[in-house]
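Protein chains in written order, with full-length UniProt numbering: chain A, 1 to 387; chain B, 1 to 387; chain C, 1 to 387; chain D, 1 to 387.
25 Å max Cα-Cα, derived DSS-like pairs, lysine-lysine: (1) C:281 / A:239; (2) C:29 / D:29; (3) B:214 / B:239; (4) A:214 / C:251; (5) C:144 / C:352; (6) D:214 / D:251; (7) A:14 / B:29; (8) C:239 / C:376; (9) D:382 / B:376; (10) B:144 / B:352; (11) B:214 / D:281; (12) C:352 / C:29; (13) D:14 / D:239; (14) D:239 / B:251; (15) C:382 / A:382; (16) C:376 / C:214; (17) D:123 / D:352; (18) B:382 / D:376; (19) A:239 / A:376; (20) A:376 / A:214; (21) A:14 / A:239; (22) C:214 / A:281; (23) B:214 / D:251; (24) A:29 / B:29; (25) A:376 / C:251; (26) C:214 / A:251; (27) B:382 / D:382; (28) A:144 / A:281; (29) D:382 / D:251; (30) B:239 / D:251; (31) C:251 / A:251; (32) D:29 / D:352.
If the Cβ cut is set under 10 Å, some of the chain D residues that face chain B in the computed set are: (33) 210; (34) 216; (35) 268; (36) 296; (37) 378.
Hint data in this document are derived by calculation from the structure and do not stem from the laboratory.
A virtual CB, placed ideally from N, CA and C, is assigned to each residue, including glycine.
Protein chains: 4
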Amino acid sequence: MPQDTLNVALIGYKFMGKAHSQAWLKVGKFFDLDAQPVMKVVCGRDGAAVGEFAERWGWENSSDNWQEAIASDDVDLVDISTPGASHCEMALAAAAASKHVFCEKPLANSLEESKQMLAAVRKAGVKHMVNFSYRRCPAISLAKQMIDAGEIGEIRHVRCTYLQDWLVDPDFPMNWRMRAESAGSGAHGDLGAHSIDMARYLAGEIDEVVGTKKTFITERPAEGTSDGLTATAGEGTEKVTVDDASLFLAKFAGGALGSFEATRLAPGRKNHNRIEINGSKGSLVWCFESLNELEFYSTSDPGTQQGFRKILATEGDHPYAGSWWPPGHMLGYDHTFTNVVYDLTQCIASGKDCSPDFQDGAQCSAVLEAVNDSEKSGSWAKVEQIA
Amino acid sequence: MPQDTLNVALIGYKFMGKAHSQAWLKVGKFFDLDAQPVMKVVCGRDGAAVGEFAERWGWENSSDNWQEAIASDDVDLVDISTPGASHCEMALAAAAASKHVFCEKPLANSLEESKQMLAAVRKAGVKHMVNFSYRRCPAISLAKQMIDAGEIGEIRHVRCTYLQDWLVDPDFPMNWRMRAESAGSGAHGDLGAHSIDMARYLAGEIDEVVGTKKTFITERPAEGTSDGLTATAGEGTEKVTVDDASLFLAKFAGGALGSFEATRLAPGRKNHNRIEINGSKGSLVWCFESLNELEFYSTSDPGTQQGFRKILATEGDHPYAGSWWPPGHMLGYDHTFTNVVYDLTQCIASGKDCSPDFQDGAQCSAVLEAVNDSEKSGSWAKVEQIA
Amino acid sequence: MPQDTLNVALIGYKFMGKAHSQAWLKVGKFFDLDAQPVMKVVCGRDGAAVGEFAERWGWENSSDNWQEAIASDDVDLVDISTPGASHCEMALAAAAASKHVFCEKPLANSLEESKQMLAAVRKAGVKHMVNFSYRRCPAISLAKQMIDAGEIGEIRHVRCTYLQDWLVDPDFPMNWRMRAESAGSGAHGDLGAHSIDMARYLAGEIDEVVGTKKTFITERPAEGTSDGLTATAGEGTEKVTVDDASLFLAKFAGGALGSFEATRLAPGRKNHNRIEINGSKGSLVWCFESLNELEFYSTSDPGTQQGFRKILATEGDHPYAGSWWPPGHMLGYDHTFTNVVYDLTQCIASGKDCSPDFQDGAQCSAVLEAVNDSEKSGSWAKVEQIA
Amino acid sequence: MPQDTLNVALIGYKFMGKAHSQAWLKVGKFFDLDAQPVMKVVCGRDGAAVGEFAERWGWENSSDNWQEAIASDDVDLVDISTPGASHCEMALAAAAASKHVFCEKPLANSLEESKQMLAAVRKAGVKHMVNFSYRRCPAISLAKQMIDAGEIGEIRHVRCTYLQDWLVDPDFPMNWRMRAESAGSGAHGDLGAHSIDMARYLAGEIDEVVGTKKTFITERPAEGTSDGLTATAGEGTEKVTVDDASLFLAKFAGGALGSFEATRLAPGRKNHNRIEINGSKGSLVWCFESLNELEFYSTSDPGTQQGFRKILATEGDHPYAGSWWPPGHMLGYDHTFTNVVYDLTQCIASGKDCSPDFQDGAQCSAVLEAVNDSEKSGSWAKVEQIA
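Chain A extracted, bound-state conformation (with noise of 0.2 Å):
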């Protein structure tokens, strides 16, 4: 059904409440939209915190009830940015009031209710689409046109790590991503669910793998207070009881391999979320940390000149920079959510799909699944395919 406003409920005033605030308030101003975003309503369980974040990100209203919010007829879209434990409750609300949605990642903490999250959306008949924003940096999306154009070839090698460091010191006080209970699990989901949702974007499907996880730390200084960014320790200890480094192998329905590994233990790594690609013809090679940039290696250069380029996709032809600024002026982490929320808008305002949606998140949540199989059993695991 297309439309001239979308209005949008956000669940969550957080981390990523905040980032997708900046992003809807941005979209329309740096992008030609076919349906203008309207921030209707935020929703959050403190209703003096969600009130001020209302006030100072432009949101009509703030509600600490996201179940009356969301079903109110002024509200066309339902925006999860809560941890994934929430994700299922909230995702088949929203599908019942026959509201499209839009997910954080991972879409939830468990395979099974991811399959429910798909299954509730598909039957509501409404839009979804999961955030898996790195999809949107303009270097990833010219990677996906250049292997879709096979600039590469027929891919072999997939190479994912994605590395943070917040957590190597052992004096960390707890937070929610440390609970098995809110976060499902910790590097696994969190970081791993990107690594995977991107090969899975640039190199198909996973059929097999064998992997394993550790937690190193076990136990850390009680939760105290927060602001988000940082925080202070409480009294006493809390058990940690998700990971804090997942590895596996993989291998790919097309015939590539693939190594992944998230790790929240790496001194010096504070968003290192890489993956490189080796194909019959070509390489290309990608990190946050310098996001703006793709290396790409083409054995199809002459002989004598052959190397990986260091392509700054920032030119106004590259995916969505053309929005943005001149050549050369480079963007940065919240681009991407913009770049997703305008591809969003766009498809709910013509009824055309969204990418990725639930089922690229139910099978996002199948690999991590099957790694979790894995280390049970100690052998290679089948993934399941989400039809």
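With chain A held as given, fit chains B, C and D onto it using these hints.
For chains B, C and D alone, kept in the frame of chain A given last:
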């Protein structure tokens, strides 16, 4: 006169107008401010176009009569983001109307105009700031902190290059940036001004210079239409009346030697604004194409472990960074503008002086002009020191 | 038995024979030695060719009968630089003749042979060394010193990739390296062996592995002629009987997790032997393609100044570097071989044990074989610990 | 006069003597030569020391009387690797004795001497070469080929920096390199000469220059003992009589603009000999600290795929590389010297002229001297063109 809101009138709505608008839009979202900017009015010559721009970006009003608009009682600050040729007239009018003035760089196309502007704002007793935005890259602000703390000792070498390539194609058509009457100069004032300001910020005043400029491509297709990002040619050709490139050597008051080069004809360099500083105890290196990174070498590191350290200036305790995202979540070009208007807003709200101000702008003009003098005489030229 | 000269018999005169010859030629020039190597005899199957090689490189004699040559009374050390399939027979013969043995990696094409070789040299009481030359890159030796000094704390992650691209072209013809009977394995034993040794050197023993190998290009043009560097095809095709790529995960005895990947099919990666180690207090990164550089991140650096430090390991007090050139005068591939034979010569001269020795070689074989076991079983495999 | 052997007399046995010796030792091993160099005699002032050096490096004889030694009938080539102050006398003597002459750079400490030397070798009709060794880095030779093939079009910008840091420590004691009478100049002639030669090689002649030099640390601890690599101070202090740093701008005959900077006071820069060239169709960048890499940007690459390409100049069809090792097996500092004497030997063997020859050496001196002239006059100085 401390105040709670800050009513802004913007003049100009092209590339810089867009960059300023996004900054005013976002600053109150990401930063805690002592005064709330209000996007009051945007001015431009084409009433219809500026009207559309105002609507898109959320400016309350638009006007094709900037003189009238800025004189209005409900304007506190005039934000000048037009080409340099108009800066002086606008700043003088703003000062005459007792408005604070925020002006794009270069402050003016001549030292004479810059001095007039400085005199006017001083006489009016208003706040004034010039938008040398690169000072507000967190990595550069960090460099300043480190230099002030003595981390690299006494500065001996300053090495600035600002390289672009957007004029390499001889078929790229004319625009105002290639005409002396509108732009004053080419790479010299456009790019060199940034390098000069950054060098002054980090290494102090320049005493003497010797240099040269050159126009390699002396004629171009006539100007056609442009959307600010891409341009199509008109009929016939036009003579280029500004430089493509500018190079000069400098002697600093503090004893350091400097070299400066600005060009629009360096294939592959998109926005390569780079500075390297060597001191008696260490070195610092930065380039806008990797704007979040500051390279630092310290002779104080243990002997066998010395090396250039790549600091990702995205930690919570790095300048500005804590107001944006968690560590490793990169910032881009536009974030620096938002950082600038944050400082500007806080200064006006609290009655403090801004930095860099029109004196800095005029001093930068004095260096640019000394290079011109040197070019004429073929020998070293003294830089006028602006009190 | 300390000694003043060291009479060397070299077996093999192709790529490795050349690399060893230059090391023996240069070692006494750059290093102060306790014994002077004498280039006594070089052995090969083609008498004429090995004769030419001997003359060119200054070997006193040549022989097409290695058994006879190495048994000679005037030979102290047998240097085996032939393909892996012949190592065992040669090392056993050398040990039987009470000669010290220096052997190219991998020690042998099977664990079984490696163990025989280890037993033989131990029984004979001779010195033995395996040429894992990358240990002697100054940057890697420095890394070892730093790890031993606790600079990066307890090791948690080891990330090894050894990527080449010389087999990407499907028309590249067969040679001994693609035949199981001569090479044992492909990337696995050729490249993976280097990674395993480096990981063991820097991070300790590996307990368990899980992995897989793959031959992407299963048939190639028949072998033609080659000068050791470039090859031309013969008529017809031949089946490739070794792997193109090998990947495995590892659990270290000390608790670290590792990932290993070796391939000859990564376009643009020429000799990309890379290792990254993350510890509880810092990280180290090295890649042979920038062999003189060691990257080091320390959580002990001041908070706002932490970053990966690129140490140029060419200072006079860096390992080996002081014997070569002043700081900043880069070393290359062959210098590492010279560093190896320096240590070998000094150990023999002084009666000390060499490192890495045949136990290290056999332990590396044990890891390679455990990966093969894991491939067969599809599950994690224990690594045999060689006493 | 083509010949089968080439009898070499080397004068000097310190840093450069060692670098030349290793080249003569290795060249016949790695390269196929039309004449075989014979390491006939090495000369030095300290008879005992030079005797030891001769024995170590395999020179047949040693002498403390170079005049006598080079006049010997069994000497074909005089290789001068002493400090610049002695070059002229030695080259004149060699030419007078009708010997070919190979001379370290700078050709002499003054233009006057350089011209005398050029006249002498021309008159004698002997071959002459000056050791600007960086021309023989495979990556630089490749750059030359690419420029000659028009890959970057018409050259517009040349940017040279040669940065070192070995004099940053004010306690580093005096040696001959800091005395005008022995070294002529400091960074200017030592480092700047390399940059000038490389710029001339790649971008053609320089017409005019303007520049300055500076001695930041004017007094140092007296010279003590040194082994050529590390130095200890003697008693008292001594005045430094050469520059620490030299900067100049240049106008090339072909229309390009250049900037040059040489310093020994750039912390962290160990041997940072860097050149960037921007042409009308592309750019090339090289730095000795990554000597095997040539960066290349081409405007001929497909629009969205343009980027700086990092060419590893180690392929078999790259200059010189095929004589060394397989692709990706890095070369170092000393390999360039061996490449030089390969070309030198082949030229003499075949009767061809060498390049760079004494004319190149003298032209380099002319540029150095023009900078000195400019410094005195404070204005642009014409460069004498040596016929």
